[in-house]
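A.B. asks: Keeping their order, the protein sequence lines are chains A and B. Each step along the first sequence adds one to the number in this note's numbering, with nothing skipped, and position 256 is 497. Each step along the second sequence adds one to the number in this note's numbering, with nothing skipped, and position 372 is 613.
It is possible that some hints are incorrect.
Treat identical chains as interchangeable: a pair holds within one or across any two.
As the list claims (entries may be wrong) - Straight-line distance between alpha carbons at most 25 Å, and here's what the computed DSS-like set of lysine-lysine pairs gives: (1) Lys565 / Lys326; (2) Lys565 / Lys463; (3) Lys573 / Lys326; (4) Lys592 / Lys577.
These are calculated hints, taken from the structure and not from any lab test. Since the model is a prediction, treat every value here as computed from it, not as a measurement.
Chain residues, written in single-letter form:
Number of protein chains: 2
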Amino acid sequence: MEEILLKKCKLVVDAINPIRKNIDILIEEGKISRIGESLSASGIIIDCSDSLIIPCFLNGHTHSPMSLFRGIAEDLPLHRWLEEKVWPLEQKLNNELIYYGAKLSALEMLKSGFSGCADMYFMMDYVAKAFIDLNFRGVLCEGLFDFFEKSLTDKKIKLALDMHKKLLSLNSPLIKSSFGPHATYTCSKELLEAIAELSKEFEAIVHIHVAETEDEQIQSLKRYGMREVEFLDRTGLCNERSLYAHGVWFDEKELRILKEKHASIVQNTISNLKLAAGSTCDLKRLIDLGISCCLGTDGPASNNSLDPFEMMKFSSLMLKHMYKNPAIISAKDIFKLATYDAYKILFPELKGGAVSEGYVADLAIFDLSEIKLRPLLFDDSTHIINHMVYSCSGLRAKHVIVNGDFSILNYKSTKEDEQELLNRFDEVFNRFINS
Amino acid sequence: MEEILLKKCKLVVDAINPIRKNIDILIEEGKISRIGESLSASGIIIDCSDSLIIPCFLNGHTHSPMSLFRGIAEDLPLHRWLEEKVWPLEQKLNNELIYYGAKLSALEMLKSGFSGCADMYFMMDYVAKAFIDLNFRGVLCEGLFDFFEKSLTDKKIKLALDMHKKLLSLNSPLIKSSFGPHATYTCSKELLEAIAELSKEFEAIVHIHVAETEDEQIQSLKRYGMREVEFLDRTGLCNERSLYAHGVWFDEKELRILKEKHASIVQNTISNLKLAAGSTCDLKRLIDLGISCCLGTDGPASNNSLDPFEMMKFSSLMLKHMYKNPAIISAKDIFKLATYDAYKILFPELKGGAVSEGYVADLAIFDLSEIKLRPLLFDDSTHIINHMVYSCSGLRAKHVIVNGDFSILNYKSTKEDEQELLNRFDEVFNRFINS
Chain A
242 MEEILLKKCK LVVDAINPIR KNIDILIEEG KISRIGESLS ASGIIIDCSD SLIIPCFLNG
302 HTHSPMSLFR GIAEDLPLHR WLEEKVWPLE QKLNNELIYY GAKLSALEML KSGFSGCADM
362 YFMMDYVAKA FIDLNFRGVL CEGLFDFFEK SLTDKKIKLA LDMHKKLLSL NSPLIKSSFG
422 PHATYTCSKE LLEAIAELSK EFEAIVHIHV AETEDEQIQS LKRYGMREVE FLDRTGLCNE
482 RSLYAHGVWF DEKELRILKE KHASIVQNTI SNLKLAAGST CDLKRLIDLG ISCCLGTDGP
542 ASNNSLDPFE MMKFSSLMLK HMYKNPAIIS AKDIFKLATY DAYKILFPEL KGGAVSEGYV
602 ADLAIFDLSE IKLRPLLFDD STHIINHMVY SCSGLRAKHV IVNGDFSILN YKSTKEDEQE
662 LLNRFDEVFN RFINS
Chain B
242 MEEILLKKCK LVVDAINPIR KNIDILIEEG KISRIGESLS ASGIIIDCSD SLIIPCFLNG
302 HTHSPMSLFR GIAEDLPLHR WLEEKVWPLE QKLNNELIYY GAKLSALEML KSGFSGCADM
362 YFMMDYVAKA FIDLNFRGVL CEGLFDFFEK SLTDKKIKLA LDMHKKLLSL NSPLIKSSFG
422 PHATYTCSKE LLEAIAELSK EFEAIVHIHV AETEDEQIQS LKRYGMREVE FLDRTGLCNE
482 RSLYAHGVWF DEKELRILKE KHASIVQNTI SNLKLAAGST CDLKRLIDLG ISCCLGTDGP
542 ASNNSLDPFE MMKFSSLMLK HMYKNPAIIS AKDIFKLATY DAYKILFPEL KGGAVSEGYV
602 ADLAIFDLSE IKLRPLLFDD STHIINHMVY SCSGLRAKHV IVNGDFSILN YKSTKEDEQE
662 LLNRFDEVFN RFINS
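Work the whole structure out from these sequences, hints included.
C.D. replies: Here it is, written out as structure tokens:
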């Protein structure tokens, strides 16, 4: 891997360091090796004298191949959306569709400064291939459901294990395997227990939807006589490897368990609003309790954008609204959730989410000659972070470096011809939708 | 003005016509003169064979020069934000700052497909100059306050009339003059009555903040023994020329008056959330009552983006959330508010907000090779409109035509060097903030 030198970086901003100005960043072997003045390198040198450098964002929860379903059926109640639209289409999915759906989403994420995501769907080896092809990180899991059908449980356990082995065998620094039982209302206790064992054995994250709707808590109470978190805890699925997507409907007892057992929560505000679950995740309460949190977009069929800036803005604004207090959380706290905190949750084995020596070189570089970044106060990282959280929705990164390698250079993928990719996506999508 | 021919427009979408494909649009004398096949023209011909053409958006409520204050002080309670930050800075404003603040905002709006806005601030002749220089429409009003000081009332009436005459004397097809008493809690009854007379005499819109917070209704009850809309009605300020910004806190009686008197409401969801007023405008109820509505961003210091797509997304998602019903309003209805309905409110004297023969040529043209517009179903305008409302935040228009003339061509202003404008903005801003 070639050395990269980011020369004369005008502004370097992250959630844990003071702002730095007019400084060089040297990248070697996938890591930020030096930050200082007048550095030199033998490899690629990029002039950053009109650039803002930040750590990449991580998307804590998505279903990347669902770009195939984006905008197809909107403004419907959830059950009609699933039954009439999504489920019949999902029957027709194949490897090629999964590959192109995931690839389109990965490209969309990369272009706005995401370096990776936690992703749950089907045929995840094809998602892995798409991500590797674009140089994008994934914490991937095959979505598992047995719908309480005993005949399916063993098959699903085997599927989980087979996919886990397939993903490990890729031996890619970009791909991490995790386990993905869909939810407590779609997976039997037996399936969940088996996944708990696998997670322990392989020290792998378990990514699961929890407390997204009030109804699933009612179902849990009926089925098991206890709420979801208590049930998951007894099933061996509430620990430091647990990644709970949504976390809207927790009671006090559940919050205590989450805190004690060090489970992590991914907030997905936009999806909660769009599917009108009636409430959104109370991130402020979780943070105050010391529960580790990050942010997610959810899938492109239920958001529908994959944009870190919009994700942060909705998250912040809904908390202000919920608490009737514009000062309830700072832009910097929100930015930290989407960068530094997300790396600690999804990649605890890496140091990431900040621009520091020894940290993984996942960096997003933005051109400062952008209206959305005006006015510019150069002495104040708060001011830049305010812009990123409140004003930058849709902003595209000029360069994105993931694992020390360029994924995006001058606004374009370095790995694929983008127009070619769009054409291929259109072609497979049209075949799919007309079949 | 030269003829413009948009050749082979791949998709033409608006809120009132069926989708049209592979068709030509001829623009003459500021209007769409013909839509048909194989048209010819003597002027500028633009290949639109990979483009989506929509009517421009209108921003129903903003304070464009406040781009100067964007991101400067966030996450503060409203009174501290105003007293410690905004008001001291506003004391230092001058014509040059107003001009560059407004110009930066107009450019940001144009680039995402807005053709104009209703704008309330100070020194509005300089805002008019900025808008005319960039070929952008404005319904402009000088913001008026007398804070119940008798000594100020006559001065403010004179200011309003003087500015009205200045704006009329510009004789620009892009600039409309309106009157801008700030709110019932900052303007005396005498000032409001005088503005009511002027509005009647000049047949001019009155743009005013109404029912943004619960507190201002309480103040109105204390001061006048009645709620704001009833008070405004008795003051001669509730009629078909009334443009009420916000409209969050109405009771049933006020809704009846609004409907009877044909006042219009501009919803500003993002600003309501950001300032944590505790609720947002219930657009659904207003629409169901037949009250005319449109959407606004509010000023760039309290949103902080000026983005029509984000404005539509927040508006839609908060209604779904408020009603706990994802089907409460369609993307198409939201799109109609931001285009066709907004033109009827802000420019009732023009036919606008749709791509139809005889309509004003305010058109935004987007490149279809954009990830946010995937997947593309070419037979379905609903699908395209879903993308625009839910997935396109931050999308930039390739070309924007306002009043039959290009404001944006190939992503750049046709009227100004953008880098030069940013440099000038930075220069005047730095002088201002360091003075």
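A.B. asks: Hint by hint, which ones does the structure fall short of?
C.D. replies: none
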